[in-house]
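Asker: Taken in order, these protein sequences are the chains called A and B.
Letter by letter, the first sequence follows residues 129 to 489 in this note's numbering.
Letter by letter, the second sequence follows residues 420 to 700 in this note's numbering.
Simulated from the structure, these hints should not be mistaken for laboratory data.
The beta-carbon is built from N, C-alpha and C at its ideal position, and this holds for glycine as well.
Worth double-checking, as some hints may not be accurate.
Simulated restraints on C-beta separations [what the hints assert, rightly or not]:
id, chain 1, residue 1, chain 2, residue 2, range
1, B, Leu696, A, Glu246, 29 to 35 Å
2, A, Ala199, B, Ser638, 49 to 55 Å
3, A, Arg259, B, Ser592, 55 to 61 Å
4, B, Ile522, A, Lys307, 49 to 55 Å
5, A, Val304, B, Leu696, 38 to 44 Å
6, B, Leu696, A, Gly438, 37 to 43 Å
Sample of chain B residues at the chain A side, in silico, Cβ under 10 Å [stated by the list, open to error]:
id, residue
7, Asn595
8, Pro609
9, Pro619
If you want a taste of the chain A side facing chain B, the calculated C-beta under 10 Å gives, among others [what the hints assert, rightly or not]:
id, residue
10, Ala180
11, Gln204
12, Arg205
13, Tyr214
14, His322
15, Gly325
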Amino acid sequence: MATEAVRLDGVTRRFGAMVALHEAWLKVRHGEFLTLLGPSGCGKTTLLNLIAGFLAADGGEIFIEGALVTATPVWQRDIGMVFQNYALFPHMDVARNVAYGLATRGVNKAEAAQRVAEALALVKLTGMAGRRPRELSGGQQQRVALARALVIRPKVLLLDEPFSALDRNLRGAMQVELKEIQQRLGITTIFVTHDQGEALSMSDRVAVMSAGRIHQVGTPEEVYRRPADRFVAGFVGDVNRLPARLLGREGDTAQVAAGACHFTVPAAPLAGLAPGAAVELFLRPEQLAPAPAGGPALLEGVVVARVYQGDRMELHLEAAGVPGRVLLRLPGHAPGVGEHGSHLAVQAQPQPDAMAFPPTT
Amino acid sequence: MRGRPFLGWFVAPGVLCALGLAAAMAAVLQYAVRAHIPGSLGVGGFTLENFSGMLRPLYASVFLQTVQLCALTALFSLLAGYPLAHALVHARSAAWKSAVLVIAVTPLFLGEVVRTYSWLTVLGNSGFINGALLWLGLIDSPVQLMFTRFGVVLALVHVTLPVMVIMLAAALSHINADYLRAAMSLGAGPVRGFLTVTLPLSMPGILAGTSTAFAWTFSAFATPQMIGGGRVNMVSNLVYQLGFASFNFPFAASLSVVGLALAAAVLALLRLGTARLERLA
Chain A
129 MATEAVRLDG
139 VTRRFGAMVA
149 LHEAWLKVRH
159 GEFLTLLGPS
169 GCGKTTLLNL
179 IAGFLAADGG
189 EIFIEGALVT
199 ATPVWQRDIG
209 MVFQNYALFP
219 HMDVARNVAY
229 GLATRGVNKA
239 EAAQRVAEAL
249 ALVKLTGMAG
259 RRPRELSGGQ
269 QQRVALARAL
279 VIRPKVLLLD
289 EPFSALDRNL
299 RGAMQVELKE
309 IQQRLGITTI
319 FVTHDQGEAL
329 SMSDRVAVMS
339 AGRIHQVGTP
349 EEVYRRPADR
359 FVAGFVGDVN
369 RLPARLLGRE
379 GDTAQVAAGA
389 CHFTVPAAPL
399 AGLAPGAAVE
409 LFLRPEQLAP
419 APAGGPALLE
429 GVVVARVYQG
439 DRMELHLEAA
449 GVPGRVLLRL
459 PGHAPGVGEH
469 GSHLAVQAQP
479 QPDAMAFPPT
489 T
Chain B
420 MRGRPFLGWF
430 VAPGVLCALG
440 LAAAMAAVLQ
450 YAVRAHIPGS
460 LGVGGFTLEN
470 FSGMLRPLYA
480 SVFLQTVQLC
490 ALTALFSLLA
500 GYPLAHALVH
510 ARSAAWKSAV
520 LVIAVTPLFL
530 GEVVRTYSWL
540 TVLGNSGFIN
550 GALLWLGLID
560 SPVQLMFTRF
570 GVVLALVHVT
580 LPVMVIMLAA
590 ALSHINADYL
600 RAAMSLGAGP
610 VRGFLTVTLP
620 LSMPGILAGT
630 STAFAWTFSA
640 FATPQMIGGG
650 RVNMVSNLVY
660 QLGFASFNFP
670 FAASLSVVGL
680 ALAAAVLALL
690 RLGTARLERL
700 A
């Protein structure tokens, strides 16, 4: 039994002179929901197409269930794929769409009919078997696409930005439903998205990608609270970048000072910097709070915007010495705090998940 | 017309052309129902004898032959054109695409006479095909290719191919590539994917191309005239013979009218089929 459902060993893909994917190493565990997250052009779709077999690798090897598939054609890889536009066959009704992968596998009619009915029940489309794709709503088409990919019991389910065509409310409902189905079936799933909220809420693990490289693979909490580098820190969630100074290092941690506050941060990203060097301190908006009068302040600024978000209040500050704006996210509606145009002293929450990186040159 | 001061000027040439065509059609129509006076270019009174005369086996067989030749031409241009159109749309290399485009479209740019004469040098008893077969020792005496239905259909396919390829390529290029990718991800190899996805989705293009090829061939004149050499006749050749050899203008006109009606009827039928198909898809 292979230990991984999918394994990539140094897979590289070039388009002409452009390296779309640079030596990707990745292990996807059995039953895991792994998301490839990154901005457009980062190589996440290339990586998915390499696993599916729509693209050939220029270097490296791909394994599915321990079997080498680098040179195996798509139709022999035993994958299920949901396309961004669903790609439902317009000349077939829902039942024939779902049965397509069973027909190619030579499953007999009676068993196929039963499995199609089960798959449609799984995605709550019982009774829709005779409809044409064009007669269905976007959400229903998505369910058919999912049923069609799942009915063949693939070794791995590949999803290429499946929610991008849905409106916001439907997207949320479909995300929950997909996650439920995925957990019930325990199917290994690789999901491509550029939406970091989607990635954090659905995944067991997230692989954050940029410019053809995998920057970090970790649980949503790990990539959010302990980003491996400044790209991951900036791409996953909002972050405040504050000027700070390295005080010293001790084992795995380092001390940095910003304003009148000291922070303990992981030392690894700061390797090679001498005490006293300028660094950038990364703090999430929810880890900042108004400082009590007379207490030590991280920074002081002027409130330039108060944005009400229902469950929270966002304050935008302009502070001397800080490029861009400082963002605070306060729970509730924070009455009387940070009126527009007022001065506000800011401190960090106790034991924040602070990170520091060398400044960009 | 307010706000479009030049509309009248722009439309005028088109209207004039349409009026000219309508006048010509009216002339043909009225000739079709007039009696023929042998030995004279003038015509007699109203009659429907021209139409009943067409039922004679000699003329009826020409109509049948025309429909058969059109059907064969449409069929073989489809069979030859589909792979070309597919290559045109899906070929990876630009060189391949250009080669296919040149092969598919050049017949359009050759004059009808030049194109037909070039077939004489290929199909004649001392032409390229017979010469090659004789040289290889596969045959002892030349095979008759000129003045046969085979030769006529071959030459007609040649001139119909560009239209077919262009129409099929338009249809194929509108099929989203993700359909075939989805089929492949579900376990379909290239052959099954083509038969179950690409081919059915290109059916509207196939019907459009075939009906256009059919109508296009129906009016063929020079090709059957020269390659058929009087032994393979289509309606247009019959019209020519009656009009310019026998000077029987009324009968020639009535043949033209029936030919036009027949072509229109076949096209209407195919169109009905397309509409039904599109409702299904």
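Asker: Determine for every hint whether it applies to the structure shown.
Answerer: To see whether the hints hold, each was checked on the structure:
1. B/Leu696 - A/Glu246: 29 to 35 Å: holds, 32 Å
2. A/Ala199 - B/Ser638: 49 to 55 Å: holds, 53 Å
3. A/Arg259 - B/Ser592: 55 to 61 Å: With Cβ atoms ~28 Å apart, the hint is violated.
4. B/Ile522 - A/Lys307: 49 to 55 Å: With Cβ atoms ~53 Å apart, the hint holds.
5. A/Val304 - B/Leu696: 38 to 44 Å: Between valine 304 of chain A and leucine 696 of chain B, where Cβ atoms are some 40 Å apart, the hint holds.
6. B/Leu696 - A/Gly438: 37 to 43 Å: Distance hint for leucine 696 of chain B, glycine 438 of chain A is violated at roughly 51 Å.
7. Asn595: holds, 7 Å
8. Pro609: holds, 8 Å
9. Pro619: Holds: closest Cβ of chain A sits about 5 Å from proline 619 of chain B, inside 10 Å.
10. Ala180: holds, 6 Å
11. Gln204: holds, 8 Å
12. Arg205: With Cβ-Cβ at 8 Å, under 10 Å, it holds.
13. Tyr214: holds, 8 Å
14. His322: violated, 19 Å
15. Gly325: violated, 26 Å
Of the numbered hints given earlier, the model fails hints 3, 6, 14, 15; all others are met.
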